[in-house]
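With these hints in hand, go ahead and build the complete structure from the sequences.
Going line by line, the protein sequences match chains A and Z.
Position 32, counted from 1, in the first sequence is what this note's numbering calls 32; the numbers after and before it change by one each time, with no gaps.
Numbers given in this note's numbering equal positions in the second sequence, counted from 1, plus 1000.
Since the hints were made in silico from the structure, they are not lab data.
Mixed in with the good hints there might be a few duds.
Calculated Cβ distances over 10 Å to all of chain Z for the following chain A residues [said to hold, decoys possible]:
1) S5
2) D37
3) K40
4) I49
5) L85
6) D118
Derived coverage of chain A by chain Z (criterion: at least 3 residues anywhere in the stretch with Cβ under 8 Å from a Cβ of chain Z; other residues may be distant) [what the hints assert, rightly or not]:
7) 18-30
8) 56-63
For every residue, glycine included, the Cβ atom is placed at its ideal position computed from N, Cα and C.
Now for the letters of each chain:
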Amino acid sequence: MALYSEKVMDHFLHPRNVGVIEDADGVGEVGNAKCGDIMKIYLKIDNEIITDVKFETFGCGSAIASSSMATEMIKGKPVTEALELTNKAVAEALDGLPAHKMHCSVLAEEAIKNALEDYQSKQKK
Amino acid sequence: MIYADNAATTKMSQAAIDKMVSLMKDTYGNPSSLYRFGQKAKEELELARETVASVIGAEPREILFTSGGSEADNQAIRSAAILGKAKGKTHIVSTKFEHHAVLHTLDKLEKEGFEITLLDVHEDGLVRPEEVAAAITDNTALVTIMYANNEIGTIQPIAEIGRICHEKGVLFHTDAVQAITHVPINVVEQNIDMLSASGHKFHGPKGTGFLYAKKGIKLSNLIEGGAQERGKRAGTENVPGIAAMAVALKEASDKLDETAKYLIEKRDRLIEGLYEIEHSALNGDRTKRLPSNVNFCFEGIEGESLLLLLDEKGIAASSGSACTSGSLDPSHVLLAIGRVHDVAHGSLRLSLGEDVTDEDIDYMISAVKEVVTYLRSFSPIWRDLVAGKKQFIL
Ligand SMILES: Cc1ncc(COP(=O)(O)O)c(C=O)c1O
Ligand SMILES: [Zn+2]
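This is the structure:
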């Protein structure tokens, strides 16, 4: 048996939405090098719709796959919907993660929330 | 596949497999039985004991067969603790980068009232004999220091440490699981009182190993029951496994010099190649290391993803990253040599097999270069380092 599901391996080996958005409307970064996973999410938002999303991740296979899947799940979605994304939904979309790897998918949820908050705080100004 | 994880376990030698199969088929008697068929198994067992003893310069009755390195470590340390306590001595000296078989046993003893000193292993991964001497007190029951480290491969000044222990009248145990068959070992010349070894690290079967304990050292049982192993380890002996382990040990020890010479050349070629990767560093001393061991840290990347991508390229290796261990902390060995968390997560251990070729080495170098570059291309840490927002450590 492999460590990860085929879905996880697919997203790990061929991550979607990798990169940077230079003029992003919202940027979120979570994690720290101490625990071993860091995720950075860049959002382009137009009319409260996420029109583009990119990520950079320092982390394990599970962290990279979760970043990739999470960005896919929010791309083209309204901000309100993206705010509701949970790590459980990300893990399920990946056909599950090993129990000790769930914390890596939490970071994806948090990075997106973080980026959306950054976007909202900029809107208020 | 290039199997570069020989520190985790090794492929069994054909001679060991043949020995094992032949005993399983034809010599399945119980060595404790008095009829000839049982005594044939007993002969095989004692022959194996003689072989093992002769390889390390010990006497046969000083060899106790165990289920592997972990059990040997546990029994050696427990026994020494009990002997010490009987004399009112409750202090044990060891190091920060021992295998968990040693560290967790020491943790337990600490809870039971022992005082444990874990020595620093410095940036080069080497214990300083003078620091061992300074740590020993009148209360010291045991010094236990590994012969060679399993992650970074550094070889400790064992003979020197043993001499100090003997001068001070303290028992000395060494976990030689990674060292045996890679480094010449003679327990008498090197002042070793107890030594642990594991069959599957030198092309023998898994679940086999032995503890050498100098005559006069009273061992305590971990397993109570029958009178096997001079009453020090109960349970019908794993005769096929033990005999096969002895065959593998003899075979590997006989060609130690030749293998070491060959592997050192391959190892150094690999180290030089990997050093071409910017912001990388070798872990552990450059020369006082096992001929088979290469261990690097690459800044800005994480070890598990490195391993998964190398696996895709047909290379089996290992890492000390947190995410490969299932804990949040990277390897205690890398932390012990002063690697900070950020860097320790990006480690790679390649432990070479005797059949590795120059082509394999060159392939590994190019594969690691490619994967490190790729992972750095979307690492937020690497971006910050390159942008100057963070200082490079390596
Ligand atoms: C240094 C060291 N000690 C002990 C052990 C444990 O040996 P075994 O797997 O035979 O119990 C190992 C193997 O992982 C090791 O590398
Ligand atoms: Zn992780």
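Report task. Find the nearest Cβ of chain Z to the Cβ of A:D37 and say whether that gap is larger than 10 Å. Result -> At about 7 Å from chain Z, A:D37 fails to clear the 10 Å cut-off, so the statement is violated.
Report task. Check the non-interface label on A:K40: least C-beta distance to chain Z beyond 10 Å or not. Result -> Given that some Cβ of chain Z is not farther than 10 Å from that of A:K40, nearest at about 4 Å, it is violated.
Query raised in the report: Is the Cβ of A:L85 farther than 10 Å from every Cβ of chain Z?
Result: Non-interface label on A:L85 holds, nearest chain Z Cβ at 20 Å vs cutoff 10 Å.
Query raised in the report: Are there three or more residues in the stretch 18-30 of chain A whose C-beta lies closer than 8 Å to some C-beta of chain Z?
Result: holds (count 4)
Query - Nearest-CB test (10 Å) between chain Z and A:D118 - result: holds (15 Å)
Query raised in the report: For the stretch 56-63 of chain A, does the count of residues with a C-beta closer than 8 Å to a C-beta of chain Z reach 3?
Result: Holds, because 8 residues of the stretch 56-63 of chain A bring their Cβ atoms closer than 8 Å to Cβ atoms of chain Z.
Query raised in the report: Regarding the assertion that A:S5 does not contact chain Z, is the least Cβ-Cβ distance greater than 10 Å?
Result: holds (13 Å)
Query raised in the report: So is A:I49 really clear of chain Z, every C-beta pair being over 10 Å apart?
Result: holds (25 Å)
The structure fails to meet hints 2, 3 from the earlier list, while all remaining hints are met.
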